[in-house]
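One-letter residues, chain by chain:
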Amino acid sequence: MSSRTESSNASADVGLNEQYTLHVNGEFHDVMDAWVGESLLYVLRERLGLTGSKGACEQGECGSCSVMVDGQLVCSCLVMAASAVGQPIVTIEGIAPVGVPTDVQQAFVDAGAVQCGFCTPGLIMAAHALLERTQEPSEFEIREELSGNVCRCTGYGRIIEAVQRVSIQRTATSASREADS
Amino acid sequence: MLAVAPGSMVLAGGTDAMVEVNAGHRRPVGVVAVNRVAELRSWTYDVAAATVRIGAAVTYAELMEPPLAALLPALAEASRTVGSPQIRHAGTLGGNLGTCSPAGDGLPVLAALDAVVHLASTRGERSLPVADFMVGVKRTACAADELITAITVPVLDGWQGYSKVGVRNAMVIALATACVAVDAPGRNIRLAIGSVGPTIIRCAEAEAFAAEQVDFTTRTASADVVARFGEVAAAASQPIDDHRATAAYRRHAVGVLAGRLLRRAFPHE
Amino acid sequence: MSIVDERVRGGRLGDSITRPDGTPKVQGGFAFAGDLNAEHCLWGATLRSPHPYARIVSIDVTPAYAISGVEAIVTAVDVPGQLTYGLIRQDQPVFASEYVRYVGEPVAAVAADHPETCRRALEAIVVEYEVLEPLTDPERALDGSHPPIHPDGNLIRHQRIICGDQSATGEVVVEGTYEIGMQDQAFLGLEAALALPDPGGAGVDLYVATQWLHEDRKQIAACLGLPPEKVRLTLGGVGGAFGAREDISLQVHTCLLALRTSRPVRIQYSREESFLGHVHRHPAKIWMRHHAMADGRLVRIESRMVFDGGAYASTSSAVLINAVTHTQGPYRCANALVDGYAVRTNNLPCGAMRGFGVVQACFAHEGQMDKLAAACGIDPVEIRLLNAMETGDALITGQVIENVAPVARCIRETAALPLPEEPVGGRDGDPMRLPGGAGRTADTAHIRRGIGFAVSIKNLMYSEGFDDYSTARCRLADGVATLKFATAEVGQGFVTIAGQIARSVLGVDDVLLDSIDTGVGSSGSTSASRQTWMSGGAVNAACLKVRGLMFDRVAQMYGVSAESLSIDGGDIVDASGAFRVSVVDATRGASFDETVEYRHAPTEDLDENGQGNCHTAFAFVAHRAVVDVDPDLGLVKVIQIATAQDVGRALNPLSVIGQIEGGIAQGLGLAVMEEIIMTEGRVRNPSFTDYLLPTFLDMPDVVATLIEERDPIAPLGAKGVGEPPTISSTPAIVAAIRDAIGKPIDRVPVRPTDIIF
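The listed protein sequences derive, respectively, from chains H, P and W. Letter by letter, the first sequence follows residues 1 to 181 in our numbering. Letter by letter, the second sequence follows residues 1 to 269 in our numbering. Letter by letter, the third sequence follows residues 1 to 757 in our numbering.
One or more hints might be untrue.
[Said to hold, decoys possible] Restricting the straight-line Cα-Cα distance to at most 25 Å, the calculated cross-link-like pairs of lysine to any residue (SDA-like) are:
#1 W:Lys285 with P:Thr246
#2 W:Lys743 with P:Pro67
#3 P:Lys138 with W:Ile677
#4 W:Lys285 with P:Asp242
[Said to hold, decoys possible] Label pairs and their calculated CB-CB ranges:
#5 H:Glu132 with P:Arg36: 20 to 28 Å
#6 P:Ala247 with W:Glu179: 21 to 29 Å
#7 H:Thr134 with W:Arg304: 49 to 57 Å
[As the list claims (entries may be wrong)] Chain H is nowhere near these chain P residues, computed Cβ spacing over 10 Å in every case:
#8 Ala17
#9 Val19
#10 Val29
#11 Ala38
#12 Ala48
#13 Ser127
#14 Gly136
#15 Trp159
#16 Arg202
#17 Val225
#18 Ala235
#19 Ala248
For the record, the hints were derived by calculation from the structure and aren't laboratory data. Positions of the beta carbon are idealized from the N, C-alpha and C atoms, including for glycine.
Taking the hints into account, I'd like the entire structure generated from these sequences.
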């Protein structure tokens, strides 16, 4: 039995014709000579040099590429970049200056929630989104809200600990602010 | 644009379409992005007609929020089982319909509630029952130049619920799904099952059997009725073997789901 | 390029300090191999066989060259040096030339200007195959009924172990056949490499995520026909490994394309490609028969094990040895007969994955111990305590365990950990607490809870006479220590404890870590739970050597006796306490620079009866699982895992907990959801949609006790901790499922159909 694999396309050249502007981390970025099918993840990493968001599955099954688009946590691998014009996009690079980590970022380091670190940027984004919406999440709320982020190294225990620490800290801070006012 | 270039890729949340593009299975040439068209993102409740008209680009996350979740609780439950928070923020009910996988989580609910799908093209608009819209495995009655614009879903007065079997507790393709919805004043029970055939199946025989046997007023059903309901539901399924599960398992599982849902709808023996 | 060059203050051995690369990792600035780029860089991609077994009739690349943006295409004819590679046997082609032997085997590679161009170029290459009938049943590989699919034949290795009295019997006999499915390491950081060719092509720089820089270099250089010193490897940030990066995958391809185009080239695998592109855990079928006294004491064990090595040998030979030598588990047994086979098939190649053969053996021997307990009418915990090994006991290979061996303690302390407080479904009957979760498949009344127990022994480091060593360089100047090693940091935290070692030995606070590359000697592989012992040992030895020189200098400068000196905090003091000088002052203007190779005591080969001191050291662990099961749907929710692990000494307790929890997650995955499903040599589920990893909603609470009995043989008293959590967690969970449903289950992963039918 014989089998051949071949293409029947007359021209298989990729059309790099797209041109558009994205609003990322508070700044406008022009994208030129792009292929229409490029995902937001690809454009962020390869055209805008923002390599903090990671690709581990390209199917929305791992959350490593998580960013905020128009205030919503989404998988950037599933966003067609050219369709995201006019929407504010926030990536891991945009949530804090280098060397000045957010409370969530610091808690991940302190609680031992980082091993290889590949899932970490996506998890930080998801944890921030969770704590914006729910100030004192229960353990199961944490688990459900982070269930779109897969980690292969940590087994999740230290990550849950990190999120709980931030929740406690923030509640204590706002309670003491109330007490002072 | 769909009139000019039928077969252009319609893009809403991207949670099905971009998976195909990323894998190189689909090569977009023309793209119609609809996820920010305001009319497609909104929903309205017609109190008099007891229906909710849901724009095709309404996301699963939005379906889980009150008051929509209170009007269509089974749809909210189904939405909660879809993917992950990231997927739920992007994925849409119209996309779920457009893809028309038999494992689509929203679809058994739409079938059980007798939803109506609205389509538009440059040729005009038309509506058809969801059962007629869902033709087969990833096949719909949508023409190449048509766009799903909205889904009208009846609001029923009665218990409704959705169950989904998956090996993992998040981000899992259903091995079997079921939706039971009770129309108490109308004294009828709807049962739709998914992942057990080429498309969603309404189990007319099981529905008729249950409607005869239960007490709508006291919400009572005997153990025998519940068991038989499950058996008839399983018999109505047409599952296949695949790498996710065997047909035998799917048939068994959907029967269990149907029985357990009926018991929740009619908790007294 | 990525250089690990961080200052970290404080933190000595035993402290739970945080990692030096933590901040860049949480801020997205840490450079993984896939984040690296270069000017004028091309993308590379690999053409893979669609058939599990076929003869290549012809390859025509000309249609692909017609696509604008394609710069180079390479196949087997373009490999300048050795055509094959491999860790033990060099039996695996860089590119298939005559035959393809597994779905996904590389046939060609292209370099182009855009990943989409690469994709189209791959599609345009015309390969004509003569499709052949694949060999997919390992038993057929053994019985000789299928012609060899490789010149080396279909049997990779057979090893027999025979010891003691083969006629010894006991009143109780139990047997079983256990099957273990193919698990994938599924690290998140997809395969990635960047190659920069030297002008003129005399050499190449490769940045790659890998486990063993020097072994990679050796194989790459041989295939490129270059001297090893011309192939310079630097570790690109590694997003997890778990054994999958021990074999090379894209290294030679990336270098070849770079040398061909005289431009930088980077290759990054997709997830589907990753599933095909690296080795997996061996699927295995293990028969065991245990003979015991009526009181449960083991008398004799028999076993036959068949490991499916897939198309190429990789480390199958070593995996098999691990499995057969661990047949008895952490239990005393004087009499045994074991036959183990590693065979070649047209299934995916298998090799190293965390646990390395012991995972499979443990699933079988723990299933047996539970059967024995039931047959003897004894509690499963009691029967394990009764047979538990101690220091001085021997394996069935005759090797006496010289390490601390607190097996009974592991068992007792695991059993003593508190059970979960919440009943099935929690106090509020929240569906999220039940099997099925948000799918709302069950109510509390439908669920049965079960408890299961398992214990394991795991060898540490390499075996069978392998000359394993690790190299470390320590420089000390002006109170700042700089360490250089080639130890691959894959997330396990070696970079953290390396600093802790240096600080403890030298009394400094500031430790710099130099780039991890081939600019220093080999550290061996990040595998086999060996780096804490071997690379920790090397760093320790290098620092001790520097300390000795430092003390000599202080002795000279201050007229004190070098032998009387020791480190106290950040100072050097003498035995009387009268003399004290800070390390900073003592090293001002001086510099010390020492490179040391650390070796463990040599090991032996096994003889034809499987006798010999083939392993280096051993660690022990016990696990208890509490699992809720829906017997009518076959759905499972693991509620709690408890464990007591023999760690010797926790150099960084936080890191150890991280290894324990992460390893248990992988054990859970194998128990209930992870399997590469193959039919006739084709992979049915090469994606995260259908290869299911445990999520936040699947992983339970872990309660852990660290058993710290300092091992006198380990250089720092610390044993490796990475693998044990992955080993007995799986059988503990399965035992709990059996307990919940009262039915036997003899395969992993357990599927819903295994529970209900």
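Cross-check of the supplied hints:
| no. | hint | result |
| --- | --- | --- |
| 1 | W:Lys285 with P:Thr246 | holds, 23 Å |
| 2 | W:Lys743 with P:Pro67 | violated, 46 Å |
| 3 | P:Lys138 with W:Ile677 | holds, 24 Å |
| 4 | W:Lys285 with P:Asp242 | holds, 23 Å |
| 5 | H:Glu132 with P:Arg36: 20 to 28 Å | holds, 22 Å |
| 6 | P:Ala247 with W:Glu179: 21 to 29 Å | holds, 22 Å |
| 7 | H:Thr134 with W:Arg304: 49 to 57 Å | holds, 55 Å |
| 8 | Ala17 | violated, 8 Å |
| 9 | Val19 | violated, 5 Å |
| 10 | Val29 | violated, 7 Å |
| 11 | Ala38 | holds, 13 Å |
| 12 | Ala48 | holds, 33 Å |
| 13 | Ser127 | holds, 27 Å |
| 14 | Gly136 | holds, 24 Å |
| 15 | Trp159 | holds, 24 Å |
| 16 | Arg202 | holds, 30 Å |
| 17 | Val225 | holds, 34 Å |
| 18 | Ala235 | holds, 34 Å |
| 19 | Ala248 | holds, 27 Å |
When each numbered hint is compared with the structure, violations occur for hints 2, 8, 9 and 10.
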